Amino acid sequence: MRLLIIGAGRTGKNLANKLCSMGHDVVMIDNNANALTNIDSEVDVLLVEGNGSAPDILEKAEVAKADVVVAVTSKDEVNFLACHYARCAGVCRTIARISDMSYINSPLVNLERLGIDRAVNHNEECAQEILNVLCLPGAIEVTNLLGGRIAAIGFKLPSTSPLLNKSLEQFKEDERFLNVRFIGLVHDDKLEIPGGKSCFSEGDDVYVVLTPDDTASFLNWVMGEQRQNLRKVIIAGGSDLGLSLAELLEETSIKTVLIENDRVQAEYASELLNKCLVINADASKRAMFKELGTDIETAFVAVTGDEEMNIVSCIQAKQLGAGFTVARIDKQEYIPIIDKLRLIDCIINPYLALIRTILQFVHGENIVDVGLFHRISGELLEIAIKAGSKKVNMRLSETNLPRGMIIAAIQRGNEAFIPTGEFVLRENDRLAVYCLPGMVNKLKSIFK
Amino acid sequence: MNIRAVSHIISYLLGIIGIAMGLSLMISFGVDDSLSVKYGIGISCWITIMTAAIIWLLTRGSIELSRRDGFGIATFGWLTAAIFGALPYIFSSVISEPIPAIFETMSGFTTTGASVLLDLESVPRGILFWRAMTQFFGGMGVLVLCVAILPFLKVAGMQIYRAEVPGPSKDRLTPRITATAKLLWGAYVLFCLIETVMLRFGGMSWFDSWCHTCATMATGGFSTRSASIGAYDSVYLDIVIIVFMFIAGTNFVLHLKLLSGKPFEYFKNSEFRFYIFFWLTACLILTFNIWGNIYESFTESLRSAFFQGTSIMTTTGFCTKDFDLWPGTSRILLVLLMFVGGCAGSTGGGIKNIRIFVAIKALFREIQLYMRPETVKHVKIDGKYLKDKTVLNICVFLLIFVIVFAASSLIMTAFTPDLATAVTSTIACLGNIGPGLSGVGATKNYAAIPQLGQLFLSLLMLLGRLELYTVLVIFTPAFWEK
Numbered sequence: 001m002r003l004l005i006i007g008a009g010r011t012g013k014n015l016a017n018k019l020c021s022m023g024h025d026v027v028m029i030d031n032n033a034n035a036l037t038n039i040d041s042e043v044d045v046l047l048v049e050g051n052g053s054a055p056d057i058l059e060k061a062e063v064a065k066a067d068v069v070v071a072v073t074s075k076d077e078v079n080f081l082a083c084h085y086a087r088c089a090g091v092c093r094t095i096a097r098i099s100d101m102s103y104i105n106s107p108l109v110n111l112e113r114l115g116i117d118r119a120v121n122h123n124e125e126c127a128q129e130i131l132n133v134l135c136l137p138g139a140i141e142v143t144n145l146l147g148g149r150i151a152a153i154g155f156k157l158p159s160t161s162p163l164l165n166k167s168l169e170q171f172k173e174d175e176r177f178l179n180v181r182f183i184g185l186v187h188d189d190k191l192e193i194p195g196g197k198s199c200f201s202e203g204d205d206v207y208v209v210l211t212p213d214d215t216a217s218f219l220n221w222v223m224g225e226q227r228q229n230l231r232k233v234i235i236a237g238g239s240d241l242g243l244s245l246a247e248l249l250e251e252t253s254i255k256t257v258l259i260e261n262d263r264v265q266a267e268y269a270s271e272l273l274n275k276c277l278v279i280n281a282d283a284s285k286r287a288m289f290k291e292l293g294t295d296i297e298t299a300f301v302a303v304t305g306d307e308e309m310n311i312v313s314c315i316q317a318k319q320l321g322a323g324f325t326v327a328r329i330d331k332q333e334y335i336p337i338i339d340k341l342r343l344i345d346c347i348i349n350p351y352l353a354l355i356r357t358i359l360q361f362v363h364g365e366n367i368v369d370v371g372l373f374h375r376i377s378g379e380l381l382e383i384a385i386k387a388g389s390k391k392v393n394m395r396l397s398e399t400n401l402p403r404g405m406i407i408a409a410i411q412r413g414n415e416a417f418i419p420t421g422e423f424v425l426r427e428n429d430r431l432a433v434y435c436l437p438g439m440v441n442k443l444k445s446i447f448k
Numbered sequence: 449m450n451i452r453a454v455s456h457i458i459s460y461l462l463g464i465i466g467i468a469m470g471l472s473l474m475i476s477f478g479v480d481d482s483l484s485v486k487y488g489i490g491i492s493c494w495i496t497i498m499t500a501a502i503i504w505l506l507t508r509g510s511i512e513l514s515r516r517d518g519f520g521i522a523t524f525g526w527l528t529a530a531i532f533g534a535l536p537y538i539f540s541s542v543i544s545e546p547i548p549a550i551f552e553t554m555s556g557f558t559t560t561g562a563s564v565l566l567d568l569e570s571v572p573r574g575i576l577f578w579r580a581m582t583q584f585f586g587g588m589g590v591l592v593l594c595v596a597i598l599p600f601l602k603v604a605g606m607q608i609y610r611a612e613v614p615g616p617s618k619d620r621l622t623p624r625i626t627a628t629a630k631l632l633w634g635a636y637v638l639f640c641l642i643e644t645v646m647l648r649f650g651g652m653s654w655f656d657s658w659c660h661t662c663a664t665m666a667t668g669g670f671s672t673r674s675a676s677i678g679a680y681d682s683v684y685l686d687i688v689i690i691v692f693m694f695i696a697g698t699n700f701v702l703h704l705k706l707l708s709g710k711p712f713e714y715f716k717n718s719e720f721r722f723y724i725f726f727w728l729t730a731c732l733i734l735t736f737n738i739w740g741n742i743y744e745s746f747t748e749s750l751r752s753a754f755f756q757g758t759s760i761m762t763t764t765g766f767c768t769k770d771f772d773l774w775p776g777t778s779r780i781l782l783v784l785l786m787f788v789g790g791c792a793g794s795t796g797g798g799i800k801n802i803r804i805f806v807a808i809k810a811l812f813r814e815i816q817l818y819m820r821p822e823t824v825k826h827v828k829i830d831g832k833y834l835k836d837k838t839v840l841n842i843c844v845f846l847l848i849f850v851i852v853f854a855a856s857s858l859i860m861t862a863f864t865p866d867l868a869t870a871v872t873s874t875i876a877c878l879g880n881i882g883p884g885l886s887g888v889g890a891t892k893n894y895a896a897i898p899q900l901g902q903l904f905l906s907l908l909m910l911l912g913r914l915e916l917y918t919v920l921v922i923f924t925p926a927f928w929e930k
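Just so you know, the protein sequences line up as chains A and B, in that order. Mapping the first sequence onto the working numbering, position 160 (from 1) lands on 160, and the numbers just tick up by one. One gets the working numbering by counting positions in the second sequence from 1 and adding 448 to each.
If you are wondering where the hints come from, they were derived from the structure by calculation, not from laboratory data. Hints are supplied without guarantee of correctness; some may be wrong.
For lysine-lysine, the following DSS-like pairs were computed, each having C-alpha atoms within a straight-line distance of at most 27 angstroms [to be verified]:
no., chain 1, residue 1, chain 2, residue 2
1, B, Lys930, A, Lys190
2, A, Lys75, A, Lys331
3, A, Lys65, B, Lys832
4, A, Lys444, A, Lys386
5, A, Lys65, B, Lys716
6, A, Lys318, A, Lys255
7, A, Lys75, B, Lys930
8, A, Lys190, A, Lys331
9, A, Lys60, B, Lys930
10, A, Lys232, A, Lys290
11, A, Lys255, A, Lys232
12, B, Lys832, A, Lys75
13, A, Lys444, B, Lys930
14, B, Lys828, A, Lys442
15, A, Lys65, B, Lys705
16, A, Lys331, B, Lys602
17, B, Lys832, A, Lys60
18, A, Lys340, B, Lys930
19, A, Lys60, B, Lys892
20, A, Lys331, B, Lys930
21, B, Lys705, A, Lys255
Being a predicted model, the structure only gives us computed values, none of them experimental.
Chain B extracted, bound-state conformation:
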C-alpha cells in the first residue's frame, strides 16, 4: 500500500468533514445552543481542519494509486471519518465516552441509524445537525464526493469509486469518472432539496425537514425525535417519506437516466423490477398479517405495513409503529427484508437486490444442470449473460455475508441478554438498517449494549457499508506488501 498517497487523499476527506463541522457550528450559533455545545463543535472543527492541513502538507506529491490502495483509502478513510466525526459529541459532552461516540458517528456515516442517544428532544440542535450531516455525507459516499471535486485523481478516482460504491458492477456514465461522480452527487442533492421542501409543506420546521431528508435520502434513519416519524402522526409525511425512501433505495444511475429524459429505463432494468416486486409482496403480506390482528382498520394496517416494510427493506430504519409487538410472521419477514436491502448503486445497505436476483437465477441453473448435465445455460440479466466469474463472485459474497452474520451473532450473544437481540442487532448493523427486535427494537436503542459490543457493531457497520470485500482485503498479508 502506498501510505503517502493514501494519507494524502484522506487529508481531503478530513477537510470535507471539517467543513461540515463548520456548517454545524454555524447552525449551532443560529439556534443559539449553549456555550459548551458551540465550544465543543468549534474545537472539533479546528482540530479536524488542522489535522487535515498537516497531513496534506506532509504528504504532498504526485498521486499514483493501485487497485489495492483504493481499498486502503476506503477502509482507513471511513475509520478516520468515524474517529474525527465523534469529536463534536465528546467535546460538547452529549456523549461523554469515546466508544459510544464513535458508534454514533460510524452509525451516521454508514447510514445505519443505530443510536445510543436516549432523549433526542434534549440534545442540542447543533449536535443533531451534525448527526444528520454524517448521514448526508455517508449516503452517496464522502469518497465519491472527493472523486467528484478532485480532478487530479484521474485513474486513482476509479479505484476509489470502485471501493466505495455499492453493488457488484460499478456503472459509469461518462468517459471521466469525475463527471460520473459529479452527476451522482448532483442527483442526490437535487432529491434532497425536493424532499426538504415537501416535508416543510407537511408541517415540519425547516430544521427538522433537512435532518429527516438527510436520514431518508441516505437511508440512514436518524430522527430528531425519540419516537422517530411516529411522533408526527401525519399521513402526508408518511407517504412523502415512503416515496423518498424508495427512491433512495433505487439505483441512482436509473434516476440519472430519468433526469436525462429517459423515464422508461426503470422498467427495462430487471433489478428494479425485482426490487419493486419484492417490496410490494413483502408489504402486502405485512398488511394482511397485522390487519385485524393488531390494527382494526385496513387503511391503518396498510399505512403502517408500507411504512415499516419500506423503511426496513431500503435499510433506512425509521419507525412509526412498534413493530416488536407485531405477530411472528411480520417480525421474521422484517428481519428477512433486512438481508435484502436496496439496489446496487443506491444509498441503501444490505446484500442488494441484484445479488439475490442473480443468486436465485444461478440456483435454478444449477438444478437444471444437475438434471441434464449437457445443458448449456447462462445466467442472464437484462438480456445479457453474466460471466461465470461474476456469478461466482456474487455467490461468494452471499456466502461471506452469511458467515460474517453467523459468526458475529455468536459473538454478540456475549453482550446481549437474549437471542433475538444478538441476532437482530448483528444484521441491523451489518445491513446498515438501525433498529432490530427485542432489546434493540423500535422503541429501544443501543445504549444498553456494553462498549465492547458497540465497538464490534461499529466494525460490522463498516463491513456492511463497504460491502465486505473492501474491508476484508485489509486483513490479507498481500495487501501490506510493498
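Okay, chain A solo, but in the shape it has when bound:
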C-alpha cells in the first residue's frame, strides 16, 4: 500500500516508522526542512518539502498514487485542505487529525463533503485512556479489545502479591486463572511472553487479557490487598487534554481539581466545567499540594505540554503522599528512562493513542492493529478468520504458532472469551493476538 503522510512531527514520524516496518511505501510532506532531515536519516521514506495543503506540493508528492492519505499536522485547516485535495485527486481513503472539536461537532461541517473519511482527536482518545486507568486502581495501563468485550491491562507486582516467586504452572488448577491470559512479563527490562515456567518477582510489569467483568476482582486478588478507589484527582494543565479529562471525570463521583498556570486558559476552563474546582497556579509549587491535601486516595495527573515539568511535579506529588501519579510524556525516548526510575506510576503518550487509531484506519480489512502499549513494545492485533482459511476447524493447540506470539482472546458472534487449547476455530471468528516486536509480518503471513 502507498501512503501519503502530511506532517512530519512526532505523530507523523512514528507513523511512518511503523508503516514502513509493516512493508508499506510512505511519502511524507512537511514544510519544516529540519524535521525532514531528521526523518531522512532514520526512516526509509520519500520526503517532499512544502506546505501540505498546497495543491502543487501534493501533486509533486504524487498524491493520486496514494491509497491512503493521513493528515497529521498541528494545523486543522491544513489537514482539512490536504484531505480535500486528496479526495479531488481520487484518493480512496483519508484521515485527518483535528484538535478543535468544534470542527467535528458543528452542524455546519460536513466531513464527507470535505473529503474526510475520518477525523481523529487525540485528546479525547487519550483522556479516555487516562480515565480507564484511574477507574481501575492498581492498573497502569488499560486497553480495550474486540470492541470493548475484552480488556488488556498492565500492572506492577507489589510486595503483597500472592503471585510472587511462583510460576504459572502452580496455578493450573486455580479457577481464577481460567479466564485470564498472561501475555507479557517484563523482568529486568526483558520482555517475554510468560510460559508455564515463568516466575514472577516483585516490581515486574505484567500484562494480562481478560473480560472487563473480571478485571476488578482479579486485580484485587493479584495485588494481595484491597486497592483504594480514588476519591480525588488533581489535574495539572488545563489545555485540551486536561479539559477533556476533567469533563470525563465530572461524570463520575471522583472529586476533581484542575490547576492551570495561565489565567486566560483557567478562566476558560472554569467557564466550561461545572463541578470541577479550577485553580490558577503553578502546579510545581509545594505549598499548593499541601493546601489541596494529597493522600493515598488522591491521584495526580500532569498533562501540561511541558514534559519535564510533568515529570518533576509527579515526583513531587508522590513524595507528598499522592497514591497514584500519571504523567504525559510526548517524547518516546524519555519513556524507558522514566520507567526505569520507577518514580511515576503511569505514563501517557498522547501520540500513541492517535497512532493506534490511525493504524486501525489504515489497515481496516481483516487485520486490525489495536494495541500498542506505553511500557512494552510488541503489538496487539485483531485478526478475522476468513472462509477458506487453513485454520478453520483447527484446534488452537494444533495451530503451532511460533515463539513470540500468543492468542489472547477470541470473539464469536457477540461473545468474547479467553480460549483454551481445546478450542476449535470457526469461520468469522475474530482473534486477538499479541506478538513481540518484529513478529507482525510473520503473524500476518500465518493468518493470510
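Guided by the hints, dock chain B onto chain A, whose structure is given.
Structure of chain B alone, referenced to chain A:
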C-alpha cells in the same frame, strides 16, 4: 563505526564481484583462452566467493547503520573490491605485480580508464572481459546494486546510497530507496543493451561491442584495442559513442523521467542546460582551434573535436586522435574540461556541472552583496532557492577539490619526469578520466609511473569517485569513535 554490520554488507559486495568473475570465467572458456588464464580467473573467483561466504557467516545478525557507517561501507567496500578484483590479473600473470594490478582494478571500478597494460591485443579475452566488468559494476555503483537487491537494508540503504551516488543532492524517486536503486540500475542496463546492439551494427564483434559499451556507459574508457576507438576509424561508431558518452554523463534521474513519459524534463533542468551549453561551447572552440591547424578538412576537425571533447568532459577517456599534438589552447581546454565532469547522478566523475553552476551563481551574488550589502538575494536552481548551507557545502567541495589537486600534483612531481605529466595524471585520476597529457597522453599509459606513484593515484581515483567527503571522513578521529 559498526564493524560487524559494515563487514556484513561488504560480504554481499564481494559476492557480486565473485559472480562477475564467474561470468568472466565462462567467457574465458567460451573463447578458449590458455589454461593459465582460465586457472587464474577460476582461482580468483573461488577465493572471492569463499571469503564472501566466511565473512557473511561470521557477521550474521541484524543490520543497523548510522550515517557514518554508510561512509565506512563505501570506502572500505571499494578498497576491498579493488584488492579482490586485482586477483584475476595477478593469478593469470597478465600483470604479475600486485600494485599495478590494484591500480588497473581501481581504475576499472572507479571508471577512470587509466591503464598499465601496454599491448591490449595480446591480453587474453577473459581478462579483457573482466576489465570491462569492473567498469560496468563501478559505473552505476556496485553498492547501489546492493541497495537494489538487498531488501533488508531499509534505512541503512539510504546511508549507503548517499555515500556512493555522486552529486550534492541525492534525488530519490520512490518511497523506498530500494526501488529507486532498482530503477537506476534498470535504466543503466537498458542503455547498455541498446548501445551494444548499435555498436554491433557498426561492425564491432559482440565481444568488443559489450566491452566498449561497459566503458562508455560507465564513462570508464577501457578499450580492447591499444589505439582505443581510433583503431576502428568509423564515423558511425564515433557518433554512437559520442551520443552514449553524453547520455552517461547526464543525470540518470532525467533519463528515468524520459522513460516514464516525460521527455521535456531534460530542458527544465538547469544543470542539464548548463551541461549542454558548456559542452557545445567547448567542442566548438576545439573545432576551430584545430581546423586548418592540425586537420585540413572541417568535418574531420568537427568529428575529432566533438569526440575528444565529449570523451574528456564526460570523463570517459576514449581516444580517436592523439590530442597531445593539438595546439596549447585545445590542450588547456581539455584539461579544464577534466575538472568539470558530468552531471550529478550520472556515471561520470569530476567536480560535476551542478557544483560549478552553483559556485558561479554564488560568485555573482557575492559580488553584488559586496557592492550593495543590503541586497537580499538567494542562489536559485530550477526556480527554487538553495539554502546557504548547501551553497557553502558546494563551495567547500570545490575548495577541497582544488587543495587535493594541488597537493597531489606536488607529490606526483616526485614520480614523473615533467610538470605536464605530474599535473595531468593527478587530475586525470582525481576526476576519473584516464588519459592526460605528455607522459600519460593519449598514446601513452601509466606503466611508466613507479609503483608508489600508482598506489597514490589509485587513492586519488577512489577520492574522486566517492567525491572526497566520503573518503575524507575516514581520516577523522570521530569516525572511529564507538
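Evaluation of the provided hints:
no.	hint	in the structure
1	Lys930/B / Lys190/A	24 angstroms, holds
2	Lys75/A / Lys331/A	20 angstroms, holds
3	Lys65/A / Lys832/B	25 angstroms, holds
4	Lys444/A / Lys386/A	13 angstroms, holds
5	Lys65/A / Lys716/B	23 angstroms, holds
6	Lys318/A / Lys255/A	19 angstroms, holds
7	Lys75/A / Lys930/B	41 angstroms, violated
8	Lys190/A / Lys331/A	21 angstroms, holds
9	Lys60/A / Lys930/B	40 angstroms, violated
10	Lys232/A / Lys290/A	14 angstroms, holds
11	Lys255/A / Lys232/A	5 angstroms, holds
12	Lys832/B / Lys75/A	25 angstroms, holds
13	Lys444/A / Lys930/B	37 angstroms, violated
14	Lys828/B / Lys442/A	48 angstroms, violated
15	Lys65/A / Lys705/B	16 angstroms, holds
16	Lys331/A / Lys602/B	24 angstroms, holds
17	Lys832/B / Lys60/A	14 angstroms, holds
18	Lys340/A / Lys930/B	25 angstroms, holds
19	Lys60/A / Lys892/B	50 angstroms, violated
20	Lys331/A / Lys930/B	25 angstroms, holds
21	Lys705/B / Lys255/A	65 angstroms, violated
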